[in-house]
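Q: Using the hints provided, position chain B relative to the given structure of chain A.
Number of protein chains: 2
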Amino acid sequence: MAKNVYLFKEGNKDMRELLGGKGANLAEMTCIGLPVPSGFTISTEVCKKYYDNQQKLPQDIQHEILEGIKNLEKITNKKFGDPTNPLLVSVRSGSRASMPGMMDTILNLGMNDSIVEEMIKINQNKRFVYDSYRRLIMMFADVVKGASKDKFEKHLEKYKQSKNKKYDIELTEDDMEKIAKDFKEIYKEVVKEDFPSDPKVQLLEAVCAVFKSWNNARAIYYRKMNGIPDSWGTAVNVQEMVYGNLGKNSGTGVAFSRNPATGENELYGEYLMNAQGEDVVAGVRTPQTIDKLAEELPEVYNQFKTIAKNLEKHYKDMQDMEFTIENGKLYILQTRNGKRTAPSAIKIAVDMVNEGLISKEEAILMVEPTQLDSLLHPTFTKEALNKGNKIGQGLAASPGAGVGKIYFNAQDVIASSKKGEDAILVRLETSPEDIEGMNYAQGVLTIRGGMTSHAAVVARGMGKCCICGCENLTIDEKNKTLITKDGLVLKEQEEISLNGNTGEIYQGKLAKTEATISGDFELFMQWVDEARNLKVRANAETKKDALVARKLGAEGIGICRTEHMFFEENRIFNFRKMILAEDEQKREEALNKILPYQRKDFEELYKAMAPYPVIIRYLDPPLHEFLPKEEKEIKALADSLKIDIKQLKNRITELKEFNPMMGHRGCRLAITYPEIAKMQTKAVIEAAINVKKEGINVKPEIMIPLVGDEKELEFVKAIVDETAKQIMQENNCTIKYMVGTMIELPRAAILADEIAKHAEFFSFGTNDLTQMTYGFSRDDAGKFLNIYYNKKILESDPFAKLDQKGVGELLKIAIEKGRKTRANIELGICGEHGGDPASIQFCNQIGLDYVSCSPYRVPIARLAAARAAIESKN
Amino acid sequence: MAKNVYLFKEGNKDMRELLGGKGANLAEMTCIGLPVPSGFTISTEVCKKYYDNQQKLPQDIQHEILEGIKNLEKITNKKFGDPTNPLLVSVRSGSRASMPGMMDTILNLGMNDSIVEEMIKINQNKRFVYDSYRRLIMMFADVVKGASKDKFEKHLEKYKQSKNKKYDIELTEDDMEKIAKDFKEIYKEVVKEDFPSDPKVQLLEAVCAVFKSWNNARAIYYRKMNGIPDSWGTAVNVQEMVYGNLGKNSGTGVAFSRNPATGENELYGEYLMNAQGEDVVAGVRTPQTIDKLAEELPEVYNQFKTIAKNLEKHYKDMQDMEFTIENGKLYILQTRNGKRTAPSAIKIAVDMVNEGLISKEEAILMVEPTQLDSLLHPTFTKEALNKGNKIGQGLAASPGAGVGKIYFNAQDVIASSKKGEDAILVRLETSPEDIEGMNYAQGVLTIRGGMTSHAAVVARGMGKCCICGCENLTIDEKNKTLITKDGLVLKEQEEISLNGNTGEIYQGKLAKTEATISGDFELFMQWVDEARNLKVRANAETKKDALVARKLGAEGIGICRTEHMFFEENRIFNFRKMILAEDEQKREEALNKILPYQRKDFEELYKAMAPYPVIIRYLDPPLHEFLPKEEKEIKALADSLKIDIKQLKNRITELKEFNPMMGHRGCRLAITYPEIAKMQTKAVIEAAINVKKEGINVKPEIMIPLVGDEKELEFVKAIVDETAKQIMQENNCTIKYMVGTMIELPRAAILADEIAKHAEFFSFGTNDLTQMTYGFSRDDAGKFLNIYYNKKILESDPFAKLDQKGVGELLKIAIEKGRKTRANIELGICGEHGGDPASIQFCNQIGLDYVSCSPYRVPIARLAAARAAIESKN
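Which chain is which? The protein sequence lines are A and B, in order. For what it's worth, my numbering labels the leading residue of the first sequence as 1, then goes sequentially. For what it's worth, my numbering labels the leading residue of the second sequence as 1, then goes sequentially.
Here chain A stands alone, though its shape is the one from the complex (with noise of 0.2 Å):
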């Protein structure tokens, strides 16, 4: 029979998978003899058997915990249930991946009105006894029962208004024991049942709840966020209770080994004494910072200092822990690999490795590719900041220049972001409730909180600028307006900034500056380049975007699309007359005009990007495209062109497509208008010779795209290779080009080996190929996607995330046969997954030569590259 209940000393780090990370982790700290409080894992399976059970327990599992119970009472000399001598527990989650505050926790469980007598007698300390116990109720009625904490909160506030009192820990030992009680009639007055007496109960209860908490909205919006696989499920760890809240020689907190905002290397963190560990966490009282705790209590300081390093060293990565300090003893609760900041995320991953902790690979594993986003987007201009208005400081819990309308509550910041507007997310303090709206934002500022603050962890796991702690500024709910210190009142809607790096906001919107990769970034990014096979190339169209790709480390563009280059105004107007021409000679004489334009483009392009190759796409849209939707507009059109409105209507018409995305598009176009593709190859082949003559070494590469036959292929690059010969005859001058294509029909997949007969290249546009292997239409799909993700039948966006089961194995049918024909052919990838981590270590893994991106993509892109390549190898 499989093993379901797992002893802490049973386990270590590597089963994370069985274990969940913070059972693991515990597992192996028990191991290597940190002071951790005694406790066993339900393992992951239980919850896949628990969901697969109709969501209930099986009865052989049930005794598997007990069993559990009874070995921590041997253990721990106490027992579960017994008034004399209880065990109290910790219920907790824990999955394979961390996701901070996504799920429940339940503590002090195991007490009831008969042990919490005997506790009282036994401990002389009744007010942390009942503060234990109401505690207890609130969570259980939570967590477990799916009722609201608010009635219940609601009343300790009243509670402590009655008695004039701020905080929780100003109220005595008989304040406590009536808000308990007062907590037990709420309970059944909102729960419609009595507490429950029975540890038992309890205990199985509330691992049930646990289980159930796999699947709350907030954890599952969490997984899709960051692609964890809702099949995991989570571990439940059942811990013996230590408290922080004995008294004044106890307290909880927790820290990071380094500091997660810049990666300094020093001790970080917050405590509250006299206080469990949810109180930090959810930035209820703003508590002191580590390095108090020197001060308060140095033996503990000193001893919990030396245990982060040795954890550090043990896992090789920065250490997120957890601790108690239960009447001057220290215990660590949990320990994981800390969430931080990407400039942090570099800094520590290059001192570590100067540090001797680790090798250059380990590094470059340790640092996300999509955190290097945040790295790469701009800054505020130092002038900007140097006349900015500020209007207060907060806490900078993670970097970032945010700016934006605010908002004083998630929905709205959604409601505004799906508008096109940029929107900051300004509240009291945030819950898990408000993860989407953080999303949406460009900045989080909190009034409370510090940096261990639920607001502070999700923005930087997010990469999103954010400012915590803030109390000089106070918000006014019912009015919807931010009030600073100097009593400046700013309405929902207006315009502040936040610097994330400093903590600092100011009013108004303030001029930002592009990033660049210098310092530790530089170096680091250095190391990434030794260790990748893939290149990285950017998708690019205009000579800025090309020297932007360039100084990020392009090494190509791997994708010019020609189209975007007909829309500007003095441009759009003989594109528009070539479409609408008659004839072949009027098309060829729009073409003329369009023709100066497009070469110098190229040469542009060319020179930025030189000596790396340039692939040009060739016309791709479906010309109806080009033309004007709006009446107005059309007559316009009519009108410059001198042509009858009715005839521009009818052509118009004529032109429109069903299903524009399988229409008269790609090669089809080329193929009916060949004097399109003629201009276009004079244009590349021009424009090479010209910037050829100039020293410069080009390499364009032309692509055909929507390719679904060879003889399509054959047919265009017969044209292409005559007039580039013409034009190379003409000027004298010889250009190496290659022609190839894009796969990115299924069909082309499928007969690779024969396309390949006349590609040099091929380049998967994964977008293309993404809508017609599943038979998505990108534009339309938004519609039944998401209630795809909502009843699990997809876990993430194919377009964004390369469906490797579908998609991937036609491509790899592709290189297969591709290959067959043409072994040397290059092989790349131009679609958005091009961009993306995940599809990137499948490109690797599947030998492509290149990816391309969009310009700020490309450090990201040689990030996932390298870690592909040593993860391949490891």
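Bear in mind the hints are in silico, worked out from the structure with no lab data behind them. Any given hint could turn out to be false.
Stated by the list, open to error - As a list, the in silico DSBU-like pairs of lysine-lysine whose alpha-carbon atoms are at most 35 Å apart:
#, chain 1, residue 1, chain 2, residue 2
1, A, Lys-145, A, Lys-56
2, B, Lys-682, B, Lys-607
3, A, Lys-736, B, Lys-48
4, A, Lys-792, B, Lys-817
5, A, Lys-586, B, Lys-145
6, A, Lys-418, B, Lys-635
7, A, Lys-725, B, Lys-783
8, A, Lys-649, B, Lys-635
9, A, Lys-873, B, Lys-145
10, A, Lys-316, A, Lys-801
Unchecked claim - From the structure, some residues in chain B lie toward chain A, with a derived Cβ separation under 8 Å:
#, residue
11, Gln-124
12, Phe-658
13, Pro-660
14, Met-661
15, Met-662
16, Arg-668
17, Gly-708
18, Phe-715
19, Ala-718
20, Leu-745
21, Tyr-774
22, Phe-776
23, Ile-787
24, Lys-791
25, Glu-809
26, Leu-810
Glycine residues also receive a C-beta, built at the ideal position from the N, C-alpha and C atoms.
A: Same frame as chain A, now just chain B:
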């Protein structure tokens, strides 16, 4: 070095691919000792070489051809270009597949002025010599130089008028001399050079011209229509001339070994004395029927009759022969398997089995599946024929019942048909330029020409109703009217009815009746059913269609498209209400109103089809397809639904999609609105229970459309199973049903192993699969597919004929993977391809269990399946 030129005695009938049909058969006849004028064949490979060599004959091949002439000189004891003993030859095309009249022929080649003079001296038949010469000149101008025959023909016509003669044959030898000399002048005028006097130049240019004619517009169109690959090329036959225009004892004719219209076992054909072959085929004079020859030249007739029977036995098929009588001596110029009408094909096949000439399997291979089409279409009712106003009588050239508006040229027929009208093409005589118009027409009527005229041959090939040689009607070209001998004047666009079975023409539109399968046809279809492996099902939604399908041999319904059932007036209202419902409850209310209709439909289908299975495909199209588009209709709907028109318009806009083909449809609907799948399941199961209670055996198969991932199917299947279980429990009745899916997305094919976990059957939806694999929108591709055919990028419509290389490969992958998961998975096809013989052959080859097609194509599919089984066995 490859051999390019073959003397007739070097070949045989199995060398079709190399020598073309005509060449192979001339060789065969030569070898079995029939009186065939000597000659040689230039192989089809030379055609390819000609095109590869920029439409020039390579030097070495020119040599080889002239070597062929030398060999021919030895055999005939004549000399090419020698005035005293000239060898004259014909140069004719001949491709692997018969393409009657599509390519070019030149007769009498090798003449020039001095040869003409000597010939007259020697054989003392000046009329014949000049007749031959003038023909050569005109044909050479037309075929080799691409000049129009117009001027020549008009000149001849005028000349005859000036001499008051009607037929060429009435012209004297001096007339002929004058005409030949005039033709030389006209030649110079239109070709801008002298007629070439060097026979070798004539020969080589003529050979090139024949190769070139492989790619004339009508040949391309014919190939496209008949699925003949462009790559095959044509051979060229060079043959010693024999003359039917030597005088009264000479003649030329064509004949079939059996009647090609009815299949009667009788020699059937026509001939003209003192004429060359072209005169018969072109329908210039109405020729004599072959039985007249028995009187005129009984010996020749008997010799020909014996040869015909022998050829039939030799080829085991009805023969279509050309012959020439030169001064009383019979020559066979060509034999080939004769084209025939469908009834004739059936009768010949059955008769030949009965005669012991062929096996049943050979009989099956003798009938083309598509031919059956004409047998399955309606004929005029006896009553209508009795009452009808008969306005003319011609030859029953090709059977069928053609009704439509009359038009006097092909263009007008095409235009009218494209507007959706039924059109009848009425012509003096047809020429190859009319083919496209004939294809569009409902029937063809010609005033001149016999049973082997162009119109008759082509119409029979198309299975199109045709009446020829209707000389009691006249055409007034100028006024576009058709005039009966009673003086009735029918204007363009007036309706007539053609009875192709009798040759009778009626005024107006006669009523038709359904065809039945009986007699020889029934017997033949029994043989067919014994031979095939593939089952044949029908696509049907209505009781009527299901009954027709049963009558035509369907063994189940392969797809019932349930959405077709929603369009009826009293249903669409509730269906629209469902679409526009604001919540699940309202949607269910509307669905409940549709349920009884749907249930009744299914009951009728089950009954019509029992004991065979019925596949019910769940709602597939995007919902917006069911909503009105026109302002007026929208208003009416808003009124009847009692909702605000603005609100309705908003909803319509909301539902609109950019690419509906890849939008919110198929199983995506059932996933979004499970209540639709629930209602449909209720209808399926309740109907089955009701029918079963009547003691009828039902086999519903529920088909979920547009599945791309196993989870989609799993989700919908769960709804189906749950609903079915509930209904069955409520009714205390068990129904065996299957749940399966369409494989119509590339992803479904690629992941068929996963999908098969939940699918008891796959039905290949090759319409959508073709769309997605090619990225062709069926509704839009028309715009560029014609260009694709013209530019030879595609050879046939992939929506009509399955793309075996691309789409077919996906089918193979899906079958292999599907069977890996579920060895006995039921496999079928329900796309349009299920009724296409070539595609059915492929379906047989890849091992499907059945094909499904429209009811009227069921017999065609049965025959195609039988042929495929026999061919794969052979």
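Q: All hints, please: hold or fail.
A: Hints, verified against the model:
This hinted pair checks out: A:Lys-145 and A:Lys-56 have alpha carbons roughly 15 Å apart, not beyond 35 Å. Of the pairs offered as hints, the one joining B:Lys-682 and B:Lys-607 holds, with about 18 Å between alpha carbons and a cut-off of 35 Å not exceeded. With a C-alpha separation of about 32 Å, the suggested pairing of A:Lys-736 with B:Lys-48 holds against the 35 Å cut-off. Note on A:Lys-792 and B:Lys-817: the hinted pairing holds, with a Cα-Cα distance of about 24 Å set against a maximum of 35 Å.
This hinted pair checks out: A:Lys-586 and B:Lys-145 have alpha carbons roughly 32 Å apart, not beyond 35 Å. Distance hint between A:Lys-418 and B:Lys-635 is fulfilled; the C-alpha atoms sit about 32 Å from each other, no more than 35 Å. Distance hint between A:Lys-725 and B:Lys-783 is fulfilled; the C-alpha atoms sit about 31 Å from each other, no more than 35 Å. Proximity of A:Lys-649 to B:Lys-635 is assessed by CA-CA distance (about 26 Å); at most 35 Å being required, the pair is judged to hold.
Distance hint between A:Lys-873 and B:Lys-145 is unfulfilled; the C-alpha atoms sit about 70 Å from each other, more than 35 Å. About 30 Å separates the Cα atoms of A:Lys-316 and A:Lys-801, which keeps this hinted pair within 35 Å; it holds. Annotation: B:Gln-124 was flagged as interfacial toward chain A, and the flag is violated, the nearest CB pair being 59 Å apart, outside 8 Å. The restraint placing B:Phe-658 at the interface with chain A holds, with a minimum CB-CB distance near 4 Å, inside the 8 Å limit.
Against a cut-off of 8 Å between C-beta atoms, the interface hint on B:Pro-660 holds, since the closest Cβ of chain A lies about 7 Å away. For B:Met-661, the suggested interface contact is upheld, since its CB lies about 4 Å from the closest CB of chain A, less than 8 Å. With its C-beta approaching chain A no nearer than about 4 Å, B:Met-662 sits inside the 8 Å limit, and its interface hint holds. A cut of 8 Å between beta carbons decides the hint on B:Arg-668: the least distance to chain A is about 5 Å, and the hint holds.
Hint status for B:Gly-708 relative to chain A: holds, with the closest Cβ pair at about 5 Å, below 8 Å. Hint status for B:Phe-715: holds, given a least beta-carbon distance of 6 Å to chain A, under 8 Å. Checking B:Ala-718 against chain A: minimum C-beta separation of about 11 Å lies over 8 Å; hint violated. With 8 Å as the threshold, the beta carbon of B:Leu-745 comes within range of chain A, its nearest partner Cβ sitting at about 4 Å, so the hint holds.
Below 8 Å, beta-carbon pairs count as interface contacts, and B:Tyr-774 has one with chain A at about 5 Å; its hint therefore holds. Using the Cβ-Cβ criterion of 8 Å, the hint placing B:Phe-776 at the interface with chain A is satisfied: the shortest such distance is roughly 6 Å. Interface restraint check: B:Ile-787 against chain A, minimum CB-CB distance 5 Å, threshold 8 Å, status holds. The criterion of a C-beta within 8 Å of any C-beta in chain A is met by B:Lys-791, whose closest approach is roughly 6 Å, and the hint holds.
With a cut of 8 Å, the hint placing B:Glu-809 at the interface with chain A holds, because the nearest CB-to-CB distance is about 5 Å. Taking 8 Å as the C-beta cut-off, the interface hint given for B:Leu-810 holds, the closest approach to chain A being about 7 Å.
Violated hints for the displayed structure, listed by number in ascending order: 9, 11 and 19.
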